[in-house]
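Participant: Protein chains in written order, with the numbering used here: chain G, 109 to 247; chain E, 109 to 247; chain L, 109 to 247.
FYI, nobody ran anything at the bench for these hints, they're computed from the structure.
Don't take each hint at face value.
Pairs count within a copy or across copies, as identical chains cannot be separated in the list.
[Unchecked claim] EDC-like mimics (lysine to aspartate or glutamate), calculated; alpha carbons at most 20 Å apart, straight line:
1) Lys110 / Asp125
2) Lys215 / Asp119
3) Lys215 / Glu239
4) Lys215 / Asp125
5) Lys169 / Asp193
6) Lys215 / Asp188
7) Lys144 / Glu239
8) Lys144 / Glu164
9) Lys169 / Asp188
10) Lys183 / Glu164
11) Lys183 / Asp119
Fair warning: this is a prediction, and the values are worked out from it, not measured in the lab.
Spelled out from the first residue to the last, the chains are:
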Amino acid sequence: MKIINERVNFDTKGNPDLINITGRLNEMVAASKLKKGMLNVFVVGSTAAITTFEYEPGLTKDMQELYERIIPRSKHYHHDQTWGDANGFSHLRAALTGPALLVPFEKGRLLLGTWQQVVLAEFDNRPRKRELIVQIIGE
Amino acid sequence: MKIINERVNFDTKGNPDLINITGRLNEMVAASKLKKGMLNVFVVGSTAAITTFEYEPGLTKDMQELYERIIPRSKHYHHDQTWGDANGFSHLRAALTGPALLVPFEKGRLLLGTWQQVVLAEFDNRPRKRELIVQIIGE
Amino acid sequence: MKIINERVNFDTKGNPDLINITGRLNEMVAASKLKKGMLNVFVVGSTAAITTFEYEPGLTKDMQELYERIIPRSKHYHHDQTWGDANGFSHLRAALTGPALLVPFEKGRLLLGTWQQVVLAEFDNRPRKRELIVQIIGE
């Protein structure tokens, strides 16, 4: 049994930016040479999140509209008065979605469905350099 | 330290179908003979999810009504135009809830509360054969 | 590779009570003497949850208002008829948020962002004694 901690960086555009990171994660699983285990992907920071969905343009648009309905960008948030950076909506969207996801793997590949992709959701209102911690544990 | 990867299959009915899988997971923990560790349950596919709640008929109904309020079935979704299978709402509900859950165990049993069950949430609009990956890691 | 299971208890006030538990978790990581790994925090029970956000008064208020908008306290829930304890809203908020979070650590500290705190969300409508299972796995 072995644990590997790695960092991956992504340059994101402003909100909303939904990035399919499945390919990069599968490369890391393959490079680990581990045959069986779990991969934990964790985004550092409080205005981005990790989720899974079928990564196609229609659903990507649906996801953005869903967040806009539940947590509208134009609403007033108390957080906007704390720092004056007007991204209260970004924080709430990230907190509701969650920063981490644990995915099983076998034979060097994540055990995802064919139409199930791991997505980095950038909710901030400006481009960011995002650091992800990718942990691979297994044997 | 050891890691075990197993598959479990469930036949689900159409949306909404909330299935209590706690008993099955506890059997797998007991069968593993591991005394202390964590169980990761991950549902393959993008129209189902894993969650926990008190599995009683009233709350099960409340959960279904909650999803119907936040992500109505009858709304138009862009995804419905991509494939024509009219399950955009299923995808969004699954993405918001998440496909994985990590539960601690000790002495061969999951450390859940008495009124806290692990639930497979089938959000698709038709019966499905669901594959779950159950990973048990511990010693 | 080693796994440590610990219990931590928190006395919570009634809903809403959002408690920053990051300091306590970092102490436990340091005490474990493990250098690299993952920490799983899991709340036992079905009316509380674990999340991450920037723990400052404005955003804490925003989080409470978000839950009140999505899952209002005053609404009627079927669950309230099952037990007569009027906390249907607490169960739904907890189920939507999730009971567990997996956070990576290195050199004895959780790899969180500067403005990213781990928060125990008490959603119940009365003070509770909360038990958290904290699992530290690593080397």
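Participant: Hint by hint, say whether it matches the structure.
Facilitator: Now for the hints, and whether the structure bears them out:
1. Lys110 / Asp125: The answer is neither: 34 Å in one copy and 38 Å across copies each exceed 20 Å.
2. Lys215 / Asp119: neither (30 Å within a copy, 26 Å between copies)
3. Lys215 / Glu239: Between. Shortest inter-copy distance 18 Å satisfies the 20 Å Cα cut-off; intra-copy 27 Å does not.
4. Lys215 / Asp125: For Lys215 and Asp125, the Cα distance exceeds 20 Å both inside one copy (31 Å) and across copies (32 Å).
5. Lys169 / Asp193: Cα proximity of Lys169 and Asp193: across copies only (17 Å, versus 25 Å in one copy).
6. Lys215 / Asp188: This pair counts as neither: shortest intra-copy Cα distance 47 Å, inter-copy 34 Å.
7. Lys144 / Glu239: between (25 Å within a copy, 18 Å between copies)
8. Lys144 / Glu164: For Lys144 and Glu164, neither the intra-copy (29 Å) nor the inter-copy (36 Å) Cα distance is at most 20 Å.
9. Lys169 / Asp188: Classified as between: cross-chain Cα gap 12 Å, same-chain 26 Å, threshold 20 Å.
10. Lys183 / Glu164: Close across copies (19 Å), not inside one copy (28 Å); limit 20 Å.
11. Lys183 / Asp119: Answer is neither: 27 Å inside a copy and 34 Å across each miss the 20 Å cutoff.
In summary, the structure is inconsistent with hints 1, 2, 4, 6, 8 and 11 from the numbered list given earlier, while agreeing with the others.
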